[in-house]
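The listed protein sequences correspond, in order, to chains A and B. Using the working numbering, read the first sequence as starting at 258 and increasing by one per residue. Using the working numbering, read the second sequence as starting at 4 and increasing by one per residue.
Taking lysine to aspartate or glutamate pairs in the DMTMM-like style, the calculated list, with each CA pair at most 20 Å apart, reads:
| hint | chain 1 | residue 1 | chain 2 | residue 2 |
| --- | --- | --- | --- | --- |
| 1 | A | Lys282 | A | Glu362 |
| 2 | A | Lys418 | B | Glu100 |
| 3 | A | Lys488 | B | Glu107 |
| 4 | B | Lys112 | A | Asp409 |
| 5 | A | Lys700 | A | Asp612 |
| 6 | A | Lys691 | A | Asp612 |
| 7 | A | Lys418 | B | Glu107 |
| 8 | B | Lys26 | B | Glu107 |
| 9 | B | Lys51 | B | Glu5 |
| 10 | A | Lys410 | B | Asp104 |
| 11 | A | Lys410 | B | Glu100 |
| 12 | A | Lys361 | B | Glu100 |
| 13 | A | Lys410 | A | Glu362 |
| 14 | B | Lys51 | B | Asp69 |
| 15 | A | Lys410 | B | Glu107 |
| 16 | B | Lys26 | B | Glu100 |
| 17 | A | Lys361 | A | Asp409 |
| 18 | A | Lys363 | A | Asp409 |
| 19 | B | Lys102 | A | Asp409 |
| 20 | A | Lys282 | A | Glu360 |
| 21 | A | Lys681 | A | Asp612 |
| 22 | A | Lys700 | A | Asp690 |
| 23 | B | Lys51 | B | Glu66 |
| 24 | A | Lys488 | B | Glu100 |
| 25 | B | Lys53 | B | Glu66 |
| 26 | A | Lys488 | A | Asp612 |
| 27 | A | Lys410 | A | Glu360 |
| 28 | A | Lys418 | B | Asp104 |
| 29 | B | Lys112 | A | Asp612 |
It should be emphasised that the hints constitute simulated quantities derived from the structure, not laboratory data.
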Amino acid sequence: MSNLAVLPIILPLVAAIILIFFNSKVHVSRALTKVFSLVGLGLTGYIMWEVINNGTIIMETGDWIAPYGIVLVVDSLAAVLVLTTNIIAVACAFYAPSAGLGEKEKYYFYPFFFFLISGVTGAFITGDLFNLFVFFEVLLMASYALIVLGGDKVQLRESLKYLLINLFSSMLFVTAIAFVYGALGTVNMAQIAQRVQEADQQGILTTVGILLFFVFATKAALFPLYYWLPKSYVVPNPVISALFGALLTKVGIYSIFRVFTLIFVHRVELTHEIFIWFAGLSMIFGIIGALSTSNIKLIVAYNIIPAIGFILLGIGVMNETAISGSVYYLIHDMVIKSALFLLVGVITYVAGTSDLKKMGGLIHTYPLLGWLLFISAFVLAGIPPFSGFIGKLLLLQGAFEGEHIMIILIGLLTSLLILYSVAKIFINAFWGDKDAMGQIKKKSTKGMVAPIVFLLSLSVIMGVGAEYFYPVADSIAAYLMDPQIYIDSVLKE
Amino acid sequence: MEIIILILSGILFATAIYNLLQKQLLRIVIGTALLSHGAHLFILTMGKLKTGQPPILTDGVSEYTDPLPQALILTSIVISFGVTSLLLVLAYRTTQENKTDNMEQLRGKANE
Chain A
258 MSNLAVLPII
268 LPLVAAIILI
278 FFNSKVHVSR
288 ALTKVFSLVG
298 LGLTGYIMWE
308 VINNGTIIME
318 TGDWIAPYGI
328 VLVVDSLAAV
338 LVLTTNIIAV
348 ACAFYAPSAG
358 LGEKEKYYFY
368 PFFFFLISGV
378 TGAFITGDLF
388 NLFVFFEVLL
398 MASYALIVLG
408 GDKVQLRESL
418 KYLLINLFSS
428 MLFVTAIAFV
438 YGALGTVNMA
448 QIAQRVQEAD
458 QQGILTTVGI
468 LLFFVFATKA
478 ALFPLYYWLP
488 KSYVVPNPVI
498 SALFGALLTK
508 VGIYSIFRVF
518 TLIFVHRVEL
528 THEIFIWFAG
538 LSMIFGIIGA
548 LSTSNIKLIV
558 AYNIIPAIGF
568 ILLGIGVMNE
578 TAISGSVYYL
588 IHDMVIKSAL
598 FLLVGVITYV
608 AGTSDLKKMG
618 GLIHTYPLLG
628 WLLFISAFVL
638 AGIPPFSGFI
648 GKLLLLQGAF
658 EGEHIMIILI
668 GLLTSLLILY
678 SVAKIFINAF
688 WGDKDAMGQI
698 KKKSTKGMVA
708 PIVFLLSLSV
718 IMGVGAEYFY
728 PVADSIAAYL
738 MDPQIYIDSV
748 LKE
Chain B
4 MEIIILILSG
14 ILFATAIYNL
24 LQKQLLRIVI
34 GTALLSHGAH
44 LFILTMGKLK
54 TGQPPILTDG
64 VSEYTDPLPQ
74 ALILTSIVIS
84 FGVTSLLLVL
94 AYRTTQENKT
104 DNMEQLRGKA
114 NE
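Take these sequences, add in the hints, and give me the full structure.
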C-alpha cells in the first residue's frame with residue numbers, strides 16, 4: 258500500500274485545473290507547464306527507481322481490499338511506460354510555445370495537454386478492466402478537444418470521424434467488459450486472470466478475448482482498423498500530432514500487451530497465431546500507405562502502423578526474447594515518433610508547405626534540421642547502433658526461435674521500405690539547388706530544435722547504451738511471461 | 004426476463020448499426036446514442052435481473068442484487084452523455100463550416 262501509485266495521475270490533473278485559471282495569461286501558462294512537466298518527470302523517475310529496487314507498487318483505492326475495489330498497479334512495464342510518457346510530455350511542453358499555435362494557445366491548450374497525460378498515465382497504471390475504459394475515455398475526451406482546437410474546416414471534418422470511430426469502439430469495449438463480467442463475475446484484472454485459468458468452458462472466453470482484441474486494435478490502429486488514423490493525425494498542430502502519435506496508439510497496444518500476456522493465455526496457439534498475421538498485414542499495408550503519398554505529415558503518420566505491427570509481432574510470438582523486443586521497441590517507438598512528428602512540424606514551418614514536390618535544397622539554409630532527419634530515418638528503420646535496431650533484432654530473434662520465418666521476411670522488407678519512405682523526405686526536401694524553392698527567407702527555429710535533439714539523443718543513448726537498458730526489458734519480459742507474479746502481487750495470496 | 008432484455012438490447016444494437024451506416028450526420032449521432040443504450044442494458048442483464056432484493060450482502064441475507072453492474076452503468080451513462088453532447092456540437096459546427104451534413108461529401112481529398 259503506497260500512495261505513490263496515484264501521484265502520476267493526480268499531478269497532471271491538478272496541473273490542468275490550475276492552468277485553467279491562468280488561461281488568458283499565456284506566459285504564466287507556459288512557465289507553469291514547463292515546471293509541472295519537469296516535476297512529473299522527476300516523480301515518475303523516482304517511481305521507476307522504486308519499482309526496480311522494491312518491486313511492484315500497489316494501491317487499493319479507498320482501502321477496499323484487492324478484488325472488491327479499484328486497484329492501481331505500478332509494475333515494471335507500467336512504470337517504464339509512465340516514465341516515457343512524461344519524457345515526451347517534457348519535450349512537448351518545451352516545444353509548444355514556439356509551435357505556432359498562435360491564438361489557439363489561449364483555447365485551453367495547456368489544460369487539455371495535462372488532462373491527456375493524466376488519462377494516458379491512468380490507463381497504464383490501473384489494474385481494473387472497467388477503470389481502464391474510464392481512463393480511455395479521459396484521454397479520448399482530452400484528445401477530442403485537442404484535435405479540433407482552432408476549428409478549421411478540414412479539422413472539424415476529420416475530428417468528427419475520429420470521434421465516431423472511438424465512440425463506437427468504446428461502446429464495444431463496454432460490451433466486452435459486460436461479457437467478461439457475465440462469464441467470470443469480476444472486472445479486476447488479476448482476478449479475471451485467475452478465474453480464466455480455472456474456468457472449465459474456455460471457448461466463450463476466447464471469443465471475449467478476440468472481441469477485446471478488436472476494441473484495442475481499433476485504438477491502436479492495426480490492420481484492418483487503421484483507416485481513421487493517418488488523416489486525423491495530420492490535421493492538428495504538430496505538437497498535438499506528436500503527443501497523439503507517441504501516446505494514444507501506444508495505449509491501445511499496451512492494453513493488448515496487458516490483456517494477452519496476463520489474462521487470455523489459455524489458447525495461445527489460436528489467439529496469438531492470429532496476432533502474427535495481423536502484425537504482418539499491418540506492416541505491409543502501413544508502409545504501402547507511407548510510400549503512396551508526398552505529404553510529409555502523412556508519411557510519418559502512416560509510419561505509425563508498421564511500428565504497431567512490429568510491437569504486436571512480439572506479443573504474437575510470445576516467447577521471452579520476442580516480448581523483451583516488443584517492450585524495447587514500444588519505448589523506442591514512443592520516443593522516435595514524437596521526435597519525428599515535431600521534426601516534420603519544423604520542416605513544414607520553414608518550408609511553408611507539407612508537399613514534398615514543392616520542397617528542395619533546405620540543407621543549405623538549415624543544415625541542423627537535415628542531419629536530425631537523417632539520424633531519425635536511421636533510428637526509425639533500425640540501422641545499428643540506434644535503438645530501433647536493438648528492438649528489431651530481439652523481435653526477429655524471438656520470431657526465429659518460434660519458427661515464424663515468413664514474418665521475419667515481411668519484417669525485414671518493411672524495415673527497408675520504412676528507411677526508403679523517410680529517406681524520400683530527406684532526398685526531396687534537403688537535397689537540391691540552393692534556390693530550389695526560390696528566395697526563401699530564413700525563419701527562426703529557436704526553441705523548436707532543442708526538444709527534438711533531446712528526444713533523438715535519448716533514442717541514440719537507448720541504442721548505444723543497450724547494455725544498460727536491455728536487462729530492464731529482459732526482466733520485464735520474464736515478468737510478463739509468468740502471469741502468476743502479477744496475480745499474487747495484487748491478490749496477496 | 005433476462006432473455007427479453009437481451010433481445011431488446013440486440014434490437015438496439017441492430018438499429019444503432021443501421022443508423023451508423025447512414026449518410027446523414029444526425030442519424031449517425033442517434034445511432035451512437037442507441038448503441039450506448041444497448042450496451043448499458045447488456046451490462047445490467049449480465050448482473051442478473053432481480054426485484055425486491057437488497058443490493059448489499061449482510062449476515063443472514065442470501066439473495067441479493069449485484070450492485071456492481073449498476074455502478075458500471077452509471078459511470079458509462081455519464082461518459083456517453085458527455086461524449087454525445089460533444090458530438091452534437093461538433094456535428095453542428097462541421098455542418099455549418101462545410102455546408103453539408105452528408106458524409107459522402109465529407110470524405111476529403113487525397114494529399115490534403
